[in-house]
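Q: Going down the list, the protein sequences come from chains A and B.
Heads up, the first sequence is in my numbering, so the first residue is 1 and it goes up one at a time.
Heads up, the second sequence is in my numbering, so the first residue is 1001 and it goes up one at a time.
No lab work stands behind these hints: they were computed from the structure.
Be a bit skeptical, because a hint or two may be false.
[To be verified] Straight-line alpha carbon distances no greater than 35 Å define the calculated DSBU-like cross-link-like pairs of lysine-lysine that follow:
hint, chain 1, residue 1, chain 2, residue 2
1, A, Lys173, A, Lys232
2, B, Lys1108, A, Lys159
3, A, Lys218, A, Lys88
4, A, Lys25, B, Lys1113
5, B, Lys1212, B, Lys1111
6, A, Lys232, A, Lys276
7, A, Lys268, A, Lys298
8, A, Lys201, A, Lys3
9, A, Lys279, A, Lys289
10, A, Lys3, B, Lys1111
11, A, Lys159, B, Lys1113
12, B, Lys1212, B, Lys1108
13, A, Lys218, A, Lys197
14, A, Lys25, B, Lys1111
15, B, Lys1211, A, Lys159
16, A, Lys136, B, Lys1212
17, B, Lys1212, A, Lys76
18, B, Lys1022, A, Lys136
19, B, Lys1022, A, Lys152
20, A, Lys197, A, Lys25
21, A, Lys127, B, Lys1033
22, B, Lys1114, A, Lys218
No experiment lies behind these values; they were computed from the predicted model shown.
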Amino acid sequence: MLKITNIRKTYMTPQLASPQDYVLKGINLEILPGEIFGLIGANGAGKTTLMNIISQITCASGHTVITPEGLRVFEKPGTIEIDGEEIKDLNSLKGKVGYMLDIPASHEFMTAMEYLAYLSAPQGLSKEETTEQNLKLLESVGLTYAKDRRIKGYSRGMKQKMGIAAGLVTNPKVVLMDEPSSALDPQGRHEVIEIIKNLAKEGKVVMLSTHVLSDVEKVCTRVGFLIGGEIKITGPIKEVTQSFNEDAYRIVCKDSIHNMKIVEAAKKAKGFKEAKIKKDGSDVLVFFKEGGRVDILKAIVASGIEIDSISLKQASMEDIFLQTNVRG
Amino acid sequence: MEATVIQTKTRNANSGFAACFKKEVMENLRTHKLLIFVGIGVGIVLFAFITLLMMWGINELVEDFDEFGQIMQMFDLNYMSSTMMFTSYMITYLTIVAVVLFRNLISKEIKDKKWILPMQAGINSRNIILARILVNLLTVLVAIAICCLLHFALTMAICKPLDVTKDGWDHLVGQFGAGEQIGTMFLSYLFMMLAIVFYCIITIALNAMTKKQWLAILIPLFILMVIETVFNMVHYRSGDFVNGVEITYALANWTPLLFSSQAVAMLPLSGQHYASVVIVQPTTAHWVVASNTLVLISAALIAGCVLLNRVKASK
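Isolated chain B, as found in the complex (with noise of 0.2 Å):
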């Protein structure tokens, strides 16, 4: 072998993100992750019309002078129920599928030695963690976006809209007047997203602060399906019974699931038919808070992983 290897230039410290970007892009496309979030995805959003379409066929056959039969009139054929549905469906199922995909993303990489290579080439370590989250993080937007797209065009197709004097563009993004949200449904979009991506965030840090898989797995969905639960119950017994219980009802506001559906029960195309059973609507206030907190731990716990950076020598 002759002199084989172009005289280097001068190193970068913190070169190398972008070739770690486009390596994390060629392996989610080519590990097919992001196929899989978008069939799963897909298949939420039938999941969730199906429900619909069985929903509205029961109510053809309950009463409504009960309050079940109240309930099952928030399941119509129209834009409201159907964005419910399918943002509460794509949290809570997406977010299951997406936490045990992201269980391993840091640990397996250090555990397979696939970082000893690049970092002796110079390859910043940080460089490695931070493209590796946020191009993970960005295919499940995509699949979101997706989604959310297929879910506006068959809601389009096959629902109506509460107030028939608005149209689907209306009702994505336009503005409804005085005092009033303007893009309900993308409003709704935008906060499910917000939602999902906080319980990947958590996974993915878990995972990259402790290198533990079932740490990663288990917290999360600890959150998703007890804590918001236990929530949940405690604020509808507390927003029915007893006036001004704002503890419980922050804090349930802070927790992934009920903040997406309480953004839901907040748009104007839903008033009327959360007024008939009588949930509390949050303030804008509660809003600003909430997003402003689950953005701020998401970037907290991002930063933490990169900064903690556990790819370096072990002891």
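Okay, chain A solo, but in the shape it has when bound (with noise of 0.2 Å):
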């Protein structure tokens, strides 16, 4: 399990630094094994630090608090642990955690295989352990085929999965991958996110930042999204997306000549509350107040207009986002 308490970051004097000078202000998060946790914010939201952190790239710093008699505290930085032992170092963190970057940084001037075995060698396994174990890591991203020819000549997606592949070397308890399926194309986020799933099927705790909310949806059974430096929503992802689910029909018509007759005849239901017509015409929601929703329905069945279909709106992961103004 990955315990994160109390985290916080701030790029100035942590004494001198004002609570609003923190990009993390105060991260507490549980994450169990076979977990995949989504964390989801805006660009500078601080995902990517939090990932440092945890990866002790970057130390997590300290913060002053003032106590009832006005005294002025420092208190120490949060603490990191992962199954009850605290990382307080990179020594201590060794082959803990993978880290898959958003720019996989390999020596490019080696082999896969060459590679994975510089990456092997404090493991003290023998020449030919090594060799079974790496093929084995390549094999399951599904890079096999270019064990022996030089990281140089990858394209942008087998080096993504060479990242994963190094990451793994250790069979670390937690992954942490920082937009793992950036610039892939469909099939290669797809291989990339059957690559997750298995990760979390071993029983590792995987936690997984990327802009691409559709990837959240399919592959997240937890998310939490960082707004100003903190996670203000978080839980699993039907659970969030119900939350934020409206009392709303998305009605699209035959013709969207027909559109501003839906809102019309929706305005005379007793259970309307607003309408809004999308921009480029091809749907309509019609907002609807508590218990109003089957006066709606029958008002625009009434009116006999030539409807296409009618849903009830749910709320997707991108409208979270937008709506939760995640630039804190």
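Using the hints, put the two standalone chains together into the complex.
A: See the structure below:
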């Protein structure tokens, strides 16, 4: 289990920084083995910073608190625990976290097998064991065919997969993935998603940061929205989306000319609240008051306008992202 | 993906040096760094010989009664002239190339985040830095060694010894006699190597400790081009006219370029030529102090890079 407690980060001197100077303002999070946690946030929200802190590339910051007596007390940085063991520095981290960077940073003059053998060196395995382990890793990410080619000649997608394989060399308990499917074609994205799912099946803790929200919906079991340096909305995907579902019908007419007529018809119903026609005229959103759902439906059917489809509006991750003003 | 990773064995905290060393050797060969050094080194050897031949040609036209004429006589087609030309050119030009190539040796690796995965895999950061420094220095040394071999072969083919009773082998590593140095050309090569490696270490150390490229370029080149010239001027003036200016003399000896040129000056095969232009010969004691100082400073700089260990979590 990955447990993050009260993690803060400022790029100023912590003793002098005010609360507004913190990029992360006390992150608390627990991710269980087998879970895929999607970390969502706008650019600059602090997603990569949080991952850097977990992987000990960056130090967490302490902060100053004012006691009820008016004293200024400097509190130590928060903690990161993996299976109950506190991670204090890179030495205590070794082998427990696999971090896949958004831009894979491997030694491109090496072949995939050579690079993995280099990373496997501290494990003290024999040459045969190392080769066997690394071949399996490359097979799992679908790179066996390119095992003896230099990484320099790989495509972006292949490098991304290579980065995943490299991060898994130590069989880490926690896998951090920063934009793992960015710049990949749909096929490549699908393959990466399958790899992520398999990692969760193996019982690893997976934390995923991406802007491809459709991927989050496909693969994550839980999400967290990083807003203004805090994780403000978190929970299983279904729960989060349901909480953002609005009381509205999405109506698509056979002909967009009739959109206004739909609005007029809905206005006559008791439960009518508001209506919005999409700019391109492709659909109409009719919002209803509590208990007004059936009235609206009856009014629209009674109008006799030819309708292509009518459905209750479901919030997508993208809707939530936009609604929550994730820039904080 | 099924269970893909074999259970790992107990880790050794200091492991990974051999892997890092192998990786660095691979990098230097595959990114053609060794080839670049050898290529430029060979160019310098040829350049030195062309200059020597040019000087030798000019000698025919210059009268030897003035000071200029006497200095020009130093550049005859003999082993000493050839060695002196070669070592001074190598120290000047190869050092500049090495300083430029090594200016971001450590900082670029850190900036490109290439150390993250190895460190997370359990490779000690000190091993990463130490292997990187040692292999790159080794690359320079191998290139210099190849150039020395080429220079020796060309010198034997083109030049003549000052003492015709001694052959090429005697000049390279042979015993000249009681009280005289052995291996005169070989010693020159060694001093030259020491000087170039010293500049390389300063460059790498500055880059590793400050993570700044411009400092890593400016300071070694400043020492090479400005400080040495100043010391050189002061040294020769004081050597000629003021006896006992030992401090200037000692300082000058500790700067690598002059250190190396003095190495040639003290060699028996060069003695008769230098005697004619009145240059104060350094003593063996100067040499021991100077060479030990360079080695100690180099070792301290490498230790500083490894111990300061800038490859760690940023604040």
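Q: A separate judgement is required for each hint: does it hold in the structure or not?
A: Each hint tested on the structure:
Among the hinted pairs, A:Lys173 with A:Lys232 is consistent with the structure: their alpha-carbon atoms are about 26 Å apart, no more than 35 Å. Distance check on the hinted pair: B:Lys1108 and A:Lys159 sit about 20 Å apart at the alpha-carbon level, within 35 Å; holds. Pair hint A:Lys218 plus A:Lys88 holds up; C-alpha atoms about 34 Å apart against a cutoff of 35 Å. Between A:Lys25 and B:Lys1113 the CA atoms are separated by roughly 26 Å; this keeps the pair inside 35 Å, and the hint holds.
Distance hint between B:Lys1212 and B:Lys1111 is fulfilled; the C-alpha atoms sit about 11 Å from each other, no more than 35 Å. Between A:Lys232 and A:Lys276 the alpha-carbon distance is near 29 Å, which keeps this suggested pair within the 35 Å criterion. Of the supplied pair hints, the one linking A:Lys268 and A:Lys298 holds, its CA atoms being roughly 11 Å apart against a limit of 35 Å. Between A:Lys201 and A:Lys3 the alpha-carbon distance is near 20 Å, which keeps this suggested pair within the 35 Å criterion.
Using a Cα cut-off of 35 Å, the hinted pair A:Lys279 and A:Lys289 holds, with the two alpha carbons roughly 24 Å apart. Distance check on the hinted pair: A:Lys3 and B:Lys1111 sit about 29 Å apart at the alpha-carbon level, within 35 Å; holds. Straight-line distance between C-alpha atoms of A:Lys159 and B:Lys1113 comes to about 15 Å, which keeps the hinted pair within the 35 Å bound. Distance check on the hinted pair: B:Lys1212 and B:Lys1108 sit about 10 Å apart at the alpha-carbon level, within 35 Å; holds.
Of the pairs offered as hints, the one joining A:Lys218 and A:Lys197 holds, with about 10 Å between alpha carbons and a cut-off of 35 Å not exceeded. With a CA separation close to 27 Å, the supplied pair A:Lys25 and B:Lys1111 stays within the 35 Å bound. Of the pairs offered as hints, the one joining B:Lys1211 and A:Lys159 holds, with about 27 Å between alpha carbons and a cut-off of 35 Å not exceeded. For the hint linking A:Lys136 to B:Lys1212, the alpha-carbon distance of about 41 Å lies beyond 35 Å, and the restraint is violated.
Our distance criterion of 35 Å between C-alpha atoms is met by B:Lys1212 and A:Lys76, whose separation comes to about 31 Å. Restraint check: the Cα-Cα separation between B:Lys1022 and A:Lys136 comes to about 23 Å, which is no more than 35 Å; the hinted pair holds. A C-alpha spacing of about 18 Å is found between B:Lys1022 and A:Lys152, which places the hinted pair at or below 35 Å, so the restraint holds. For the given pair, A:Lys197 sits about 30 Å from A:Lys25 by alpha-carbon distance, which is consistent with the 35 Å threshold.
Under the criterion of a C-alpha separation no larger than 35 Å, the hint pairing A:Lys127 with B:Lys1033 is consistent with the structure, at around 28 Å. With a CA separation close to 31 Å, the supplied pair B:Lys1114 and A:Lys218 stays within the 35 Å bound.
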